[in-house]
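J.: Respectively, the protein sequence lines represent chains A and B. Position 182, counted from 1, in the first sequence is what the working numbering calls 836; the numbers after and before it change by one each time, with no gaps. Position 278, counted from 1, in the second sequence is what the working numbering calls 280; the numbers after and before it change by one each time, with no gaps.
Derived by calculation from the structure, the hints in this document are not laboratory data. Hints are not guaranteed to be accurate.
To be verified - Simulated coverage check for chain B against chain A, where a stretch passes if three residues somewhere in it have a Cβ under 8 Å from a Cβ of chain A:
id, stretch
1, 20 to 31
2, 49 to 61
3, 135 to 141
4, 161 to 172
5, 227 to 239
6, 260 to 269
Stated by the list, open to error - Here are the in silico distance ranges between beta carbons for each label pair:
id, chain 1, residue 1, chain 2, residue 2, range
7, A, THR796, B, SER160, 46 to 56 Å
8, A, ARG847, B, ASN43, 50 to 60 Å
9, A, VAL732, B, ASP95, 32 to 42 Å
10, B, SER160, A, LEU717, 50 to 60 Å
11, A, TRP756, B, VAL76, 34 to 44 Å
12, A, ARG673, B, VAL11, 50 to 60 Å
Note that the structure is predicted; figures quoted are calculated from it, not measured. Heads up, the beta-carbon is just placed ideally off N, CA and C, and yes, glycines get one too.
One-letter residues, chain by chain:
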Amino acid sequence: MKNKNHLRWSEFLIQTLIRVLGFSSIGFVLLIFLFLLREGIPVFFQVSPTNLFGTRWYPTFDLFGTLPLILGSVLVTVTAIVIAVPLGVTTAVFVREVAPNWAREVLKPMIEVLAGIPSVVLGFFGMTLLAPFVRETLGFPTGLTAFTGALILAYMALPTIISVAEDALDAVPKSYRDAGLAMGATQWQTIWRVVVPGARSGIVTAVMLGMGRAIGETMAVMMVTGNAARMPLSLDSIFRPARTMTATIAAEMGEVAQGSVHYHALFGIGILLFLLTFIINLAAATTIFKKRRRGGLR
Amino acid sequence: MKRVLMQRVGFVLLGLLALVVVLPILLVIGAIVARGAQAINWEFLTAMPRNGMKEGGILPALVGTLLLTLGTAVAAIPVGIGGAIYLSEYARDTWLTRAIRLAIINLAGIPSVVYGLFGLGLFVLFLQFGTSILAGSLTLAIMTMPIIISAAEEALRSVPTEFRTVSASLGGTRWQGVRNIVLPQALPGIITGVILGLLRAAGETAPILFTVAAFFLPRLPQSPLDQTMALPYHLYVISTQVPGMPADVQYGTALVLLALVLSLNLIASVIRSYFRRRREW
Numbered sequence: 655m656k657n658k659n660h661l662r663w664s665e666f667l668i669q670t671l672i673r674v675l676g677f678s679s680i681g682f683v684l685l686i687f688l689f690l691l692r693e694g695i696p697v698f699f700q701v702s703p704t705n706l707f708g709t710r711w712y713p714t715f716d717l718f719g720t721l722p723l724i725l726g727s728v729l730v731t732v733t734a735i736v737i738a739v740p741l742g743v744t745t746a747v748f749v750r751e752v753a754p755n756w757a758r759e760v761l762k763p764m765i766e767v768l769a770g771i772p773s774v775v776l777g778f779f780g781m782t783l784l785a786p787f788v789r790e791t792l793g794f795p796t797g798l799t800a801f802t803g804a805l806i807l808a809y810m811a812l813p814t815i816i817s818v819a820e821d822a823l824d825a826v827p828k829s830y831r832d833a834g835l836a837m838g839a840t841q842w843q844t845i846w847r848v849v850v851p852g853a854r855s856g857i858v859t860a861v862m863l864g865m866g867r868a869i870g871e872t873m874a875v876m877m878v879t880g881n882a883a884r885m886p887l888s889l890d891s892i893f894r895p896a897r898t899m900t901a902t903i904a905a906e907m908g909e910v911a912q913g914s915v916h917y918h919a920l921f922g923i924g925i926l927l928f929l930l931t932f933i934i935n936l937a938a939a940t941t942i943f944k945k946r947r948r949g950g951l952r
Numbered sequence: 003m004k005r006v007l008m009q010r011v012g013f014v015l016l017g018l019l020a021l022v023v024v025l026p027i028l029l030v031i032g033a034i035v036a037r038g039a040q041a042i043n044w045e046f047l048t049a050m051p052r053n054g055m056k057e058g059g060i061l062p063a064l065v066g067t068l069l070l071t072l073g074t075a076v077a078a079i080p081v082g083i084g085g086a087i088y089l090s091e092y093a094r095d096t097w098l099t100r101a102i103r104l105a106i107i108n109l110a111g112i113p114s115v116v117y118g119l120f121g122l123g124l125f126v127l128f129l130q131f132g133t134s135i136l137a138g139s140l141t142l143a144i145m146t147m148p149i150i151i152s153a154a155e156e157a158l159r160s161v162p163t164e165f166r167t168v169s170a171s172l173g174g175t176r177w178q179g180v181r182n183i184v185l186p187q188a189l190p191g192i193i194t195g196v197i198l199g200l201l202r203a204a205g206e207t208a209p210i211l212f213t214v215a216a217f218f219l220p221r222l223p224q225s226p227l228d229q230t231m232a233l234p235y236h237l238y239v240i241s242t243q244v245p246g247m248p249a250d251v252q253y254g255t256a257l258v259l260l261a262l263v264l265s266l267n268l269i270a271s272v273i274r275s276y277f278r279r280r281r282e283w
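Based on the provided sequences and hints, a complete structural model is requested.
T.: Right, dumping it as C-alpha cells:
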C-alpha cells in the first residue's frame, strides 16, 4: 500500500514537471516580449513620433528616423523572396515529383548542409568573394549592395522554403495525381495544374516562413549590404548599399551607453522586429493548423 | 507528341534549377576549404592569438564555442525533451495546447538578434549575470529549444501507439510507459534533433554579440561568469573590424567553424539513417 502511494506521488510530481516544461514555451515568448517592452518602451516617450518615423537615422545627432531601416529590411527581404520562391518551389517539385532516386539522395543532404552553414560564414563568403564578383560583373562602385545581401538571404531562406513546400506537395493525395494522369494529362501537366494548386496553401506557408527567416537574418546581411542608412526610393536602390533593422541593432548595440536614448531606440526596433515576425509566423501557423484539420487520403 | 516534348524540356529545366540551388553551396564550401586548409595547422588550433589576432591561433575562440555549446545543451535538452513529452504523450487537443504550438512556431521565428537583445535585457542586466558564458548559453538555449521540441515530438509520435497500450496493459503508469518504452524507442530521433539544434547554436553570432562575446581575450575562461571569445564572433571581428587581417587567418577560422558545424550535421544524419534501418517497426 505504501509502495503504491509512493508510486502515485512520484507519478504526480513527474506529470506536473512535464506539464510545466510543456507550458514553458508560452512563458518564454511572453518573457521575451516583456523584456523587449521594458527596455524599448521608454524611447516612445523620449523621442517624438515625427522623429521616430522620420527619414533620417543619425543617433549621434538625436535623429532616430527608423523609416530607412524599415524600408531597407523590406527591400532586401522582398528581393530575396523574389529570387528564392521560384527556385525553392521548382526545386521542391523536382525533388518530390521528378527527380530520380540518386538525385534525391544528393539534393536533400545538400539542402540540409545549406541550412547548417552559419550565417557569419555565408556573410564572410559574400564579403570576400561574392561582393567583388558583383562589383566587377555589374560595374558598380561597390559590391556591398542590397542586391548582394538579397542574394545571400535568398539562399538562406531556400532550405525553409524547399522543405515546407516539399511537405505540402507530399500531402497532396495520390488520387489527385492518378486522376490527372487518367484524364490523359502528362505528368508535367498534372504537376502544374493539379498537384501544385492542391498544395497551394502549404506553399504559401513555405513562402511566409522563408520571409520570416529572411527579415530576421542579421550577420550575413550586416556584412554584405554596405550598411548605409539611406531611403531606398529610387529604382537603382537595389544596387546601392542599404541597411536593415537587424544589422542596425547588431552593429550599434555594442557601442551605446546602457539606458541612453539610443539604447532604448535599438530595443524599440527589436519590438518592431518581434511583432513583424510574430505576425508572419502567426499567419503561417494558421494555414498549418487548417491543413491539419482538413486531412485527406494519401 | 508536343506535350511529351514539353514535359521532357520541363523536367530538364527543373533539374537545371535544382543545380542552381546546389552549385553555390558547393562553391561556398569548396572556396573556404581550398583557401582555409593552408592556414590550419596544430599551432592554429592550439595557440593563443598574437599580434592583434593576425598571428598565432584561435584556441580561446574554439574553446569558447565548445563551452557555449555545452552550456546550451545542459539548459536546452531537459526543457526541450520535457516539452516534447508533454505535447506528444500528455497534452490533449485543447486551445491551450494550440497556444503552446503557436508559441513554439513563434520562438522558432524570432530573429536571432532579438534573442540577443532579450538575453542582454534579462540575463546580463536584470539577473546581473554580466556578459558571461552563463548569460550567452541561456540565451542560445532558449533559441535552440523550439528546434529540439519539434524534432523530439516528431520522434516520440512516430513510436506506434501499441507500444503504449502494451505497457499500460501490463499495469505500467503513463510515465513508466514513457520512460521505459517510448523514450528509448524515440531516442535516435531525439538525439538527431538535439544535434541539429546545437549546431545552430554553435554557429550563431547575433545572440552572443551582447551577452558573452569578447572582442579579444587571449586566455581561457575560468568560470561560467567569465566572458569568452567565440568562433562565429571571432570570424566576424577579423573579417570586418580589424584592418590588414591576413586572408589566411580569416579563411582558416571560417573553415574551422564550418568543419565543426558540418561534422555535427554529418553525425546527426548518420545516427538517423543507421537507426532508421535497424528499426523494427
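J.: Go through the numbered hints given earlier and state which of them the structure violates, listing their numbers in rising order.
T.: Violated hints: 2, 3 and 4; rest satisfied.
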